[in-house]
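Peer 1: With these hints in hand, go ahead and build the complete structure from the sequences.
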Amino acid sequence: MHRGGKNKDGNAVAVTDHDLDELIDNAMAIGEKTYLSLENAINGESVETNTDF
Numbered sequence: 475m476h477r478g479g480k481n482k483d484g485n486a487v488a489v490t491d492h493d494l495d496e497l498i499d500n501a502m503a504i505g506e507k508t509y510l511s512l513e514n515a516i517n518g519e520s521v522e523t524n525t526d527f
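Here the working numbering is used: the first residue of the sequence shown is 475, the next is one more, and so on.
Simulated from the structure, these hints should not be mistaken for lab results.
All clues given are correct.
For lysine to any residue, the following SDA-like pairs were computed, each having C-alpha atoms within a straight-line distance of at most 25 Å:
id: 1; residue 1: K480; residue 2: L494
id: 2; residue 1: K480; residue 2: N500
id: 3; residue 1: K507; residue 2: H492
id: 4; residue 1: K482; residue 2: D493
Quick caveat: nothing in here was measured; it's all calculated off a predicted structure.
Peer 2: Here it is as structure tokens:
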């Protein structure tokens with residue numbers, strides 16, 4: 475929370491455990507896809523992947 479726990483309108487922002495779990499899952503998915511893409515680029519491979527977001 476870069477605004478002291480408030481949104482741009484000054485209202486309090488509540489972050490739940492579910493929100494944090496979802497954020498971690500998405501970050502891990504991005505990391506995995508980036509790693510695989512980089513690995514494929516280094517190896518000169520072309521692999522189709524589906525994206526969930």
